[in-house]
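So the protein lines, in turn, are chains A and B.
The opening residue of the first sequence carries number 1 in our numbering; numbering runs sequentially from there.
The opening residue of the second sequence carries number 1 in our numbering; numbering runs sequentially from there.
Quick caveat, the hints were computed from the structure, so don't treat them as lab data.
For clarity, every value in this text was computed on a predicted model and none was experimentally measured.
Hints should not be assumed to be uniformly reliable.
Stated by the list, open to error - If you only want the chain B side, here are some residues facing chain A, beta carbon under 7 Å, derived:
hint, residue
1, P73
2, A74
3, H90
4, A171
5, V196
To be verified - Below, in silico cross-link-like pairs of lysine to aspartate or glutamate (DMTMM-like), each with a Cα-Cα straight-line distance of 25 Å or less:
hint, chain 1, residue 1, chain 2, residue 2
6, B, K179, B, E203
7, A, K106, B, E54
8, A, K204, B, E110
Glycine is no exception: its CB is placed at the ideal position from the N, C-alpha and C atoms.
Chain residues, written in single-letter form:
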Amino acid sequence: MNQPSTIEAADRRFGWFMSAPTLALLLAVILFPVFWALFTSVHDYTLIAPNFDTFTGFRNYLTAIGDSQFRHSLWLTSLFVLGVVLIEFAIGFVVALMLNSVVRFKPIYYGILLCPLLMNPVIVGLIWRMFLHPSLGIVNYLLTVLSIAPVNWLGSTKVAIWTIVMVDIWHQVSFMIVLLLAGLSALPKEPYEAARVDGAGTFKAFRHITLPLMWPVIIVTLLIRLIFAVKTYDLVYIMTRGGPGTATDFVSYFIYRTAFVSLNVGEASAMSAILLALILLLTSYLYRYMRSLS
Amino acid sequence: MASITLKNINKVYPNGVSAVHAVSLDIKDGEFMILLGPSGCGKSTTLRMIAGLETITSGELLIGGRQVNDVDPAQRDIAIVFQNYALYPHMTVLNNLSFGLKLRGVAADEISRRVKRTASMLGIESLFDRRPSQLSGGQRQRVALGRALVREPQAFLLDEPLSNLDAKLRAAMRTELIKLHRSLGTTIVHVTHDQVEAMTMGERICIMKDGEIVQVGQPMEVYHNPVNTFVAGFLASPPMNLLPGRLEAARNGTIKAITGSLCILIPESQAKGFLSHVGRSVTLGLRPEDFHLSDNAATHTASLVVEAVTTEILGPEVVLVASLGGENVPEIHARMPRNFRAVPGEQVHLHFDISQIQIFDSSTSRALPRSVTKAP
Chain A
1 MNQPSTIEAA DRRFGWFMSA PTLALLLAVI LFPVFWALFT SVHDYTLIAP NFDTFTGFRN
61 YLTAIGDSQF RHSLWLTSLF VLGVVLIEFA IGFVVALMLN SVVRFKPIYY GILLCPLLMN
121 PVIVGLIWRM FLHPSLGIVN YLLTVLSIAP VNWLGSTKVA IWTIVMVDIW HQVSFMIVLL
181 LAGLSALPKE PYEAARVDGA GTFKAFRHIT LPLMWPVIIV TLLIRLIFAV KTYDLVYIMT
241 RGGPGTATDF VSYFIYRTAF VSLNVGEASA MSAILLALIL LLTSYLYRYM RSLS
Chain B
1 MASITLKNIN KVYPNGVSAV HAVSLDIKDG EFMILLGPSG CGKSTTLRMI AGLETITSGE
61 LLIGGRQVND VDPAQRDIAI VFQNYALYPH MTVLNNLSFG LKLRGVAADE ISRRVKRTAS
121 MLGIESLFDR RPSQLSGGQR QRVALGRALV REPQAFLLDE PLSNLDAKLR AAMRTELIKL
181 HRSLGTTIVH VTHDQVEAMT MGERICIMKD GEIVQVGQPM EVYHNPVNTF VAGFLASPPM
241 NLLPGRLEAA RNGTIKAITG SLCILIPESQ AKGFLSHVGR SVTLGLRPED FHLSDNAATH
301 TASLVVEAVT TEILGPEVVL VASLGGENVP EIHARMPRNF RAVPGEQVHL HFDISQIQIF
361 DSSTSRALPR SVTKAP
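Bound-form chain B, shown alone:
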């Protein structure tokens, strides 16, 4: 097991394209770290630099305290699971599992012991004689994982290993990977663009955009306190509603947050962090789960009447897509109880949990500090 430290790492390709800029990250020994971001954000490049498959243009990479910038991938004692598994197509499952150990000159009986143990852990003993082309996607994924496990490396690097699986298998493999990490305790760096994987699997999430790290933190910490509108809009499905609006001073130190026809009164106790932006344009961040049905809109401080556009019935819940009214105000998404129904055009009375409101500076997109950061 080993820690992985990235110090001011940059990657510029020979054609001048800069893929990663000034990435600094401390991955603790035994930690399950997620690199999360949209396509082209540099997360896979960062992982490949850790693996040694891409050269580092500048900066320092340490694995287990040892600088490995110029160390051959084979000497880094890490194992990688690729997105498309990268199994050796001409070898049987048994040979795929044992090839890396044979190359390292491990004794035959030790190879046999490790391969059998790993195969039994992953339930792939019956596939030993098959070739990758004769396996299903899930089986290939297990063999690829087995090939990494059998090496017993200091750290595992997983490059979107679940993205080629169907939804059911992906959910099952998520759970298995979490269990595997608990039982092995080895450092894992997992690259994904799937925020569900990130939230469910990671001990910490490192969110990247345009080659830079935007935010690093535990899943719920990042979820409740996104540093900017990018993080707020990237995590969760449906994501946070981001509505253009403005702040205005009201009576007794309170602030009014106005977007479209919606006016939310923020009490003095919560308004301190937002005072500097009174009279300015801001972006209001409202999570879909913080909207609640209301019998009488007028009884709540943050009450609103919206016009239903459509409803998405998901089973455990219903997502209401509704219009707030007003020009250039996007539709909002609100999570409703599973028995909620509304026809398009119907007026729906809602209220909003003010303690959960996020305010972002319109020009920088950065979050304004909240006085109360209550996690429900």
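With the rest of the complex left out, here is chain A:
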């Protein structure tokens, strides 16, 4: 073996050596649970009889797909994800564009924006549950002051999902703002000057320069937010417990109930596997579609 390849091999060995603890940890906390869940999903595994004695094949999957409540929770989750991702993106991009041109007090704005993001979702849920209490909450009090009829924010089957959407936007919109603002501030300044001399006004510069240059950042931001939104569980658990009825029974919460209330871990694992497959399909499709646009 000649000298350079010996050095390369030594480098490679050192690289594996240095990353081995992290890789082992990742295997333990990510891959093992995934494979365990997949293994469980093809067995009749309940918390009453927690064993792998009965192999059921795809029965748990068929039961899950045939379950109208599971399909309903998937539909509710889609609605929620679409709502929060699009609204948060719209608000986030507008605010990021505004902040990008701000020169003074930028750190103060950053500080204010980051406050909700730094809060635990459980705390957010508790605060908003207090704010939105039908009779004791400050929101309904303010509405009454303005002579507007109080709203049953969390108790109405029609309003509850939009209340969760609103609280999630309040909590997560700064994530969009921070990521998009980082992208905007990293854009080169020179093409804008060239465009000014070429005759592009603010809107044309946005349409022809900002938007195309921002596509990679937008794609990543939307995908990350989408994946996190699908997994929303804490807010629902604290604020509505999936209710009223099944009005906010998002898929993560439904899977939790199947596993730990109905004690049917096998079926819950099958649902998790279906959800994982759906998210993977959706993100890979969206990623390719948005890449083709850029």
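Given the coordinates of chain A, work out where chain B should sit on it, guided by the hints.
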């Protein structure tokens, strides 16, 4: 085509930093004007004010006789080539070239005609489908130039467009820009810190320092008659030797210029302009090419014996770095024939062409008037 006139232009940034003070300059219609100066001298700020990318704090800017202080850059009908080219990274070369015309609502067939003509002039037709990231530095430079040319503006503003190119490509592009200017005849304002670019390309050079214009003139005029030590030391490589010394009266109206161990006798015919400074400290300016090898130092009026410190062999010539002797006298640089060689410490006999000597006032750094300003 248009003339560009700057009348008492000032630029003060909101933080109070004054970048340009009282700049007045007349750039004639079709002229190739160079703004030359070291980093931070205000040349790029001046160019950006002409382009409309910086606001003018006070003063008046006229393009083609029209005052444009508050006119949007797009309405000034000028094109700018940036130092780092500022191509649109997400667009192909074709779109980079046509974008400005599309924004101005030029008809599609006219855009196609102009883009093809410009691309063929610059030899970039084969690059139409590529993006800037897929181009070499020289190709990007051509596309940036093409983007300006295709607009057919009244004037071109070039902000150090050659500084990111390697030496060979820079020399080639210098020649191309000169040819382009000859064929188009459009006014060009070219900003550079490279005195070679300034000397070779400009019809006139405007030398700036600390936000002010120091001297404006044709390249050889500025070279032979620098107004102060800054200009004298900035132009040419190696630059003029600037040696601290003093003037003393000698016999028959002649003057002795003394620096270190060197004593140059300036004849009466050339000494008139320097008489006011007899007995005072001055700076002697001696161009490296005005030193010549001498067999016998004593036969010339301005002869000297120097001690070689080192030699820089450049190929066509050799630069001799030598010590004159004496305290606080800097080393001199002298251009020697290509076959000249000297070992460090060797005594070299030289003489100097007195007609080319420049004398500067030590306190103001300004040049004293020469009686004879002979250009060789």
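ask   = Was the hint right that H90 of chain B lines chain A, CB cutoff 7 Å?
value = holds, 4 Å
key: Satisfaction of the V196 of chain B interface hint, Cβ to chain A closer than 7 Å   = violated, 26 Å
request  = Double-check A74 of chain B for me: the hint is only fine if its C-beta lies closer than 7 Å to a C-beta in chain A.
outcome  = At 4 Å from the nearest chain A Cβ, A74 of chain B passes the 7 Å test, so the hint holds.
message = Tell me if the straight-line CA distance from K179 of chain B to E203 of chain B falls inside 25 Å.
response = holds, 13 Å
Distance restraint between K106 of chain A and E54 of chain B, which requires alpha-carbon spacing of 25 Å or less = Holds: K106 of chain A and E54 of chain B sit about 23 Å apart, inside 25 Å.
query = With 7 Å as the cut and Cβ atoms as the points, is A171 of chain B at the interface with chain A?
reply = violated, 25 Å
query = For the pair supplied as a hint, K204 of chain A and E110 of chain B, is the alpha-carbon distance within the 25 Å limit?
reply = holds, 21 Å
Agreement of hint P73 of chain B with chain A interface, Cβ distance less than 7 Å = holds, 5 Å
In this structure, the hints that do not hold are numbers 4 and 5, in rising order.
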